[in-house]
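In case it helps, our numbering puts the sequence shown at residues 7 to 108.
Don't take every hint at face value.
Claimed, not checked - Label pairs and their in silico Cβ distance ranges: (1) H61 to E21: 15 to 21 Å; (2) H12 to Q77: 29 to 35 Å; (3) G89 to P58: 31 to 37 Å; (4) A96 to P38: 14 to 20 Å; (5) T10 to A74: 20 to 26 Å.
Calculated directly from the structure, the hints in this document are not laboratory data.
All residues carry an ideal CB built from backbone N, CA and C; glycine is no exception.
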Amino acid sequence: MTTTLHILLHAPDAEGLQRARMNAVNARKGDPHCAVRIIANAAAVAAALDTPHEHADALTWLCPNSLAQLQRPARAPLQVLDGPAILALARLQTEGWAYIRA
């Protein structure tokens, strides 16, 4: 019995988002069954909104506080977290997700 790998990629800026997207694509290529989430906050949110990525957008969750600061709505397939990114990052780690800062 194998355990599904859970990878949590934190993108706090545009460069981090770019790295997180490539890491997500590479992880899914290497292990199609792994679970990957990209959590974007701060400057990474604007970058996610401005530069679509066909393979990574569905894996990307945006901080609602960063969206509010930007005064911009999310676009599909990007998803919005229920609360601050910092809380989501902490909760997912307590649930066994492996945290990687991109």
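A quick look at each hint next to the structure:
Taken as a hint, the range 15 to 21 Å holds for the pair H61 and E21, whose Cβ atoms sit roughly 18 Å apart. Distance hint for H12 and Q77: a CB-CB separation of about 33 Å, consistent with the stated range 29 to 35 Å. Taking 31 to 37 Å as the suggested C-beta distance range, the pair G89 and P58 does not conform, at roughly 25 Å. For A96 paired with P38, a C-beta distance near 28 Å fails the hint of 14 to 20 Å.
Taking the beta carbon of each, T10 and A74 are about 33 Å apart, not inside 20 to 26 Å as hinted.
The earlier numbered hints that this structure contradicts are 3, 4 and 5.
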